[in-house]
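With chain A's structure known, arrange chain B on it following the hints.
Protein chains in written order, with numbering that gives the first Met the number 0: chain A, 0 to 230; chain B, 0 to 230.
With a straight-line cut-off of 16 Å between C-alpha atoms, the simulated EDC-like cross-links for lysine to aspartate or glutamate are:
#: 1; chain 1: B; residue 1: K30; chain 2: B; residue 2: D60
#: 2; chain 1: B; residue 1: K70; chain 2: A; residue 2: E169
#: 3; chain 1: A; residue 1: K226; chain 2: A; residue 2: D117
#: 4; chain 1: A; residue 1: K70; chain 2: B; residue 2: E169
#: 5; chain 1: B; residue 1: K70; chain 2: B; residue 2: D60
#: 6; chain 1: B; residue 1: K125; chain 2: B; residue 2: D12
Beta-carbon label-pair distances, calculated as ranges:
#: 7; chain 1: B; residue 1: K151; chain 2: A; residue 2: P80; range: 41 to 49 Å
#: 8; chain 1: B; residue 1: A150; chain 2: A; residue 2: Y129; range: 40 to 48 Å
#: 9; chain 1: A; residue 1: L116; chain 2: B; residue 2: V37; range: 53 to 61 Å
#: 10; chain 1: B; residue 1: S89; chain 2: A; residue 2: Y208; range: 19 to 27 Å
Because the hints were derived from the structure by calculation, they are not lab data. C-beta atoms are modelled at their ideal positions from N, C-alpha and C, and glycine is treated no differently.
Protein chains: 2
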Amino acid sequence: MAIQLYDLAGAEDDRRFSPYCWRIKMALMHKGLPFETVPWRFTDKDAVAFANSTSVPVLVDGGHAVSDSWKIAAYLEQAYPSRPALFGGSDSQALTYFFSHWAVRTLHPLLMRAIVLDLYGQLHEKDRAYFRESREKRFGKTLEQHGGDPAKAVAELRDALEPVRPVVAENDFVDGKGPGFADYILFGVFQWARSVSPVQLLEPGDPLYAWRGRMLELWGGYARKAKGYPV
Amino acid sequence: MAIQLYDLAGAEDDRRFSPYCWRIKMALMHKGLPFETVPWRFTDKDAVAFANSTSVPVLVDGGHAVSDSWKIAAYLEQAYPSRPALFGGSDSQALTYFFSHWAVRTLHPLLMRAIVLDLYGQLHEKDRAYFRESREKRFGKTLEQHGGDPAKAVAELRDALEPVRPVVAENDFVDGKGPGFADYILFGVFQWARSVSPVQLLEPGDPLYAWRGRMLELWGGYARKAKGYPV
Numbered sequence: 000m001a002i003q004l005y006d007l008a009g010a011e012d013d014r015r016f017s018p019y020c021w022r023i024k025m026a027l028m029h030k031g032l033p034f035e036t037v038p039w040r041f042t043d044k045d046a047v048a049f050a051n052s053t054s055v056p057v058l059v060d061g062g063h064a065v066s067d068s069w070k071i072a073a074y075l076e077q078a079y080p081s082r083p084a085l086f087g088g089s090d091s092q093a094l095t096y097f098f099s100h101w102a103v104r105t106l107h108p109l110l111m112r113a114i115v116l117d118l119y120g121q122l123h124e125k126d127r128a129y130f131r132e133s134r135e136k137r138f139g140k141t142l143e144q145h146g147g148d149p150a151k152a153v154a155e156l157r158d159a160l161e162p163v164r165p166v167v168a169e170n171d172f173v174d175g176k177g178p179g180f181a182d183y184i185l186f187g188v189f190q191w192a193r194s195v196s197p198v199q200l201l202e203p204g205d206p207l208y209a210w211r212g213r214m215l216e217l218w219g220g221y222a223r224k225a226k227g228y229p230v
Numbered sequence: 000m001a002i003q004l005y006d007l008a009g010a011e012d013d014r015r016f017s018p019y020c021w022r023i024k025m026a027l028m029h030k031g032l033p034f035e036t037v038p039w040r041f042t043d044k045d046a047v048a049f050a051n052s053t054s055v056p057v058l059v060d061g062g063h064a065v066s067d068s069w070k071i072a073a074y075l076e077q078a079y080p081s082r083p084a085l086f087g088g089s090d091s092q093a094l095t096y097f098f099s100h101w102a103v104r105t106l107h108p109l110l111m112r113a114i115v116l117d118l119y120g121q122l123h124e125k126d127r128a129y130f131r132e133s134r135e136k137r138f139g140k141t142l143e144q145h146g147g148d149p150a151k152a153v154a155e156l157r158d159a160l161e162p163v164r165p166v167v168a169e170n171d172f173v174d175g176k177g178p179g180f181a182d183y184i185l186f187g188v189f190q191w192a193r194s195v196s197p198v199q200l201l202e203p204g205d206p207l208y209a210w211r212g213r214m215l216e217l218w219g220g221y222a223r224k225a226k227g228y229p230v
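The following block holds chain A by itself, in its conformation from the complex (with noise of 0.2 Å):
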């Protein structure tokens, strides 16, 4: 049976946003493993209560579930060795693991302040009380303040992003030559502003629009056929 993936999904189905399943999506795709993906909400708590989770991505892999975007990815490669590798070896993928508490912690309220509005529209109806009650708790104000100014935000995001243009202007991918987790991590901000918003992130000569075009073509336009807006 072929890997399943359960990955967060907006009011329809085929909406994906989760930037930690866009992660976990490429990767599948760089190792060229076959895998399904299963529409999942935040609300469906009891969904994933096999894998010990109350979130997406869970992956399945035959009778083995893992939890966790960074998890999964060592989960893939270990039990993939021979498929083409996520990080090029112990020091970069510790290097990765860096690079993903950055992003993390620097890019993603960034960017959740630059679309919650949008995302907000884009939610099952299921999802909507529960997305407003838990990200107003956590943000200590509602969604429409937190998300107020997205223009400031965006300008905001791209300054954060400075020390990444460096490196993709130099070698095309954030891991060197050719795309590995590190990519999959930065690309997974950027899918999830697409899939849910009409908002410009990068403008054309920025060298990270080069590269996310770059990201959006790989595997004959994987990621640029899932559902969401231009980029």
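Positioned in the frame of chain A, the structure of chain B alone reads:
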């Protein structure tokens, strides 16, 4: 002839405080390459003009001169491939390039605010006017204003280091199970501090405190023996 490294010094010849020079001294030790350092001050522009540089580090290896710490590291990796690797491979080198930009952009300005007045007090007399003028122009304020709240800068630095903690807690080093150039980039920040300032940057319970201890002990305590304050 041994490799020569032009290395920024304070009032005393053996007070060496440049974070960029520390990167390279650690890299040379890592590769097991014999080298001697040449004390250099900010105003000794003529002494490194032969390398088309106005700053250090400058490395001279036989007839070959290289400036800029990133270029020097890449040179050492390429010129001495049979020696222990500074980068695990090309993808790790790309990720380390990101790490360097992140450190310079995020950590260096915070550390400067924390130590600039101590640093100024440790400069060679001939460098003081140059340092004050060039830095006050860069900061847009006096040194005294810029360094006026070191405790706040230390608190912000501790916060900015957050994405590195899970990495060194899990792997001992930023580069994984053994130290690599990303470790030397981060360590340069801490050696910069302790060479000129008694400021306590880290609490003993911090995973980074233990990591710094491991770095100080490498190669028989090479870095710990350098002139500076206890950490």
